[in-house]
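Asker: Given these sequences and hints, build the entire structure.
Residue numbers for the sequence shown follow my numbering, beginning at 195 and rising by one.
Just so you know, the hints here were simulated from the structure itself, not pulled from any lab data.
Certain hints may be false.
Said to hold, decoys possible - Across the chosen pairs, the derived CB separations fall in these ranges: (1) Glu306 x Ala347: 41 to 47 angstroms; (2) Arg403 x Leu365: 23 to 29 angstroms; (3) Ala291 x Met204: 29 to 35 angstroms; (4) Phe196 x Glu450: 33 to 39 angstroms; (5) Arg377 x Ser416: 42 to 48 angstroms; (6) Gln285 x Gly200: 16 to 22 angstroms; (7) Val280 x Leu197: 16 to 22 angstroms; (8) Val280 x Glu450: 33 to 39 angstroms; (9) Val413 x Gly200: 37 to 43 angstroms; (10) Ser416 x Lys213: 34 to 40 angstroms; (11) Met402 x Ala434: 15 to 21 angstroms.
Computed from a predicted model, the values in this text were never measured in an experiment.
Quick reminder that beta carbons are idealized off the backbone N, C-alpha and C, glycines included.
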Amino acid sequence: MFLPLGALWMATHAAWRAKGFRSRKLEAGRHTLHLYERQGRGTAPPVLLVHGMGGNAAGFLPIVNAVVRCSRRVVALELPGHGRSVLQKGQTPATAAECGAALVTALRQMAEPAVLVGSSLGGALSLHTAAALPDRVRGVVGLNPAGAPLAGADREAVVRAFRGGSIQAALEMHRRLYHRPPRMGWFFARDFGRHWASAPVQQFVSEMREDLPGIRPDVLSSLRQPVLILWGEGDRILPASSVGYFREHLRQGSVEVIPACGHLPMLERSRLVASRIARFLGEL
Numbered sequence: 195m196f197l198p199l200g201a202l203w204m205a206t207h208a209a210w211r212a213k214g215f216r217s218r219k220l221e222a223g224r225h226t227l228h229l230y231e232r233q234g235r236g237t238a239p240p241v242l243l244v245h246g247m248g249g250n251a252a253g254f255l256p257i258v259n260a261v262v263r264c265s266r267r268v269v270a271l272e273l274p275g276h277g278r279s280v281l282q283k284g285q286t287p288a289t290a291a292e293c294g295a296a297l298v299t300a301l302r303q304m305a306e307p308a309v310l311v312g313s314s315l316g317g318a319l320s321l322h323t324a325a326a327l328p329d330r331v332r333g334v335v336g337l338n339p340a341g342a343p344l345a346g347a348d349r350e351a352v353v354r355a356f357r358g359g360s361i362q363a364a365l366e367m368h369r370r371l372y373h374r375p376p377r378m379g380w381f382f383a384r385d386f387g388r389h390w391a392s393a394p395v396q397q398f399v400s401e402m403r404e405d406l407p408g409i410r411p412d413v414l415s416s417l418r419q420p421v422l423i424l425w426g427e428g429d430r431i432l433p434a435s436s437v438g439y440f441r442e443h444l445r446q447g448s449v450e451v452i453p454a455c456g457h458l459p460m461l462e463r464s465r466l467v468a469s470r471i472a473r474f475l476g477e478l
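Answerer: Below, the structure is given as structure tokens:
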């Protein structure tokens, strides 16, 4: 029996609201963004959560309570074409550069400099933004962030993983995302196959038709804000060589490898990740 993916997204929306977050829209160029936001209970700087390619704010639900306890304000951004940041009829999907601009728009509407917590593509966008707007970013936490060079067989493997279009492709993607794939993923496999084949996701895939140089070494080394990268050791989406790349070029960064964990550490090792992010915020 397959279940509709929309039911899962409705449940996660209700979960955000139950945690005290309000849902609102924000205009960013030609796109309308959706945000979840609430005041925090801590004294650490505000936090802006940024999901990855094909994801949405739901991925941060397992760790958001810890962030709320530490931070003065917490905002979760849904990139154009993802989650409740829906495209209008006939609207073309956002490019990665436009998603970066959307992140900047969300960051600028915050009252003070914020810590960016980004997963996968969201991690790469966060690192880029920290370099471009150092006065607006207090620190960055990357959760298996993209941004290291992606070329040859590694790039082709990512393109194949995100092909979507079938139940088989969705289940294969599920196995790649997790060290231990949760069983309930099977129940949504039909709609996940369609989801990975959707125009917003395939726009990003189309941008990977050629080798990607990644974030330039000089850009990473220019970062003066504290950076923490948490890397799931069992990632089967991005290459393991990413760990060495970030360690080599981040001057103010710490790269920590999480065993028995895949591409989404905030879901698979949520307690460890929540605790580590809380410590990072407390040290700022």
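Asker: Checking each numbered hint in turn, tell me which of them this model violates, lowest number first.
Answerer: none
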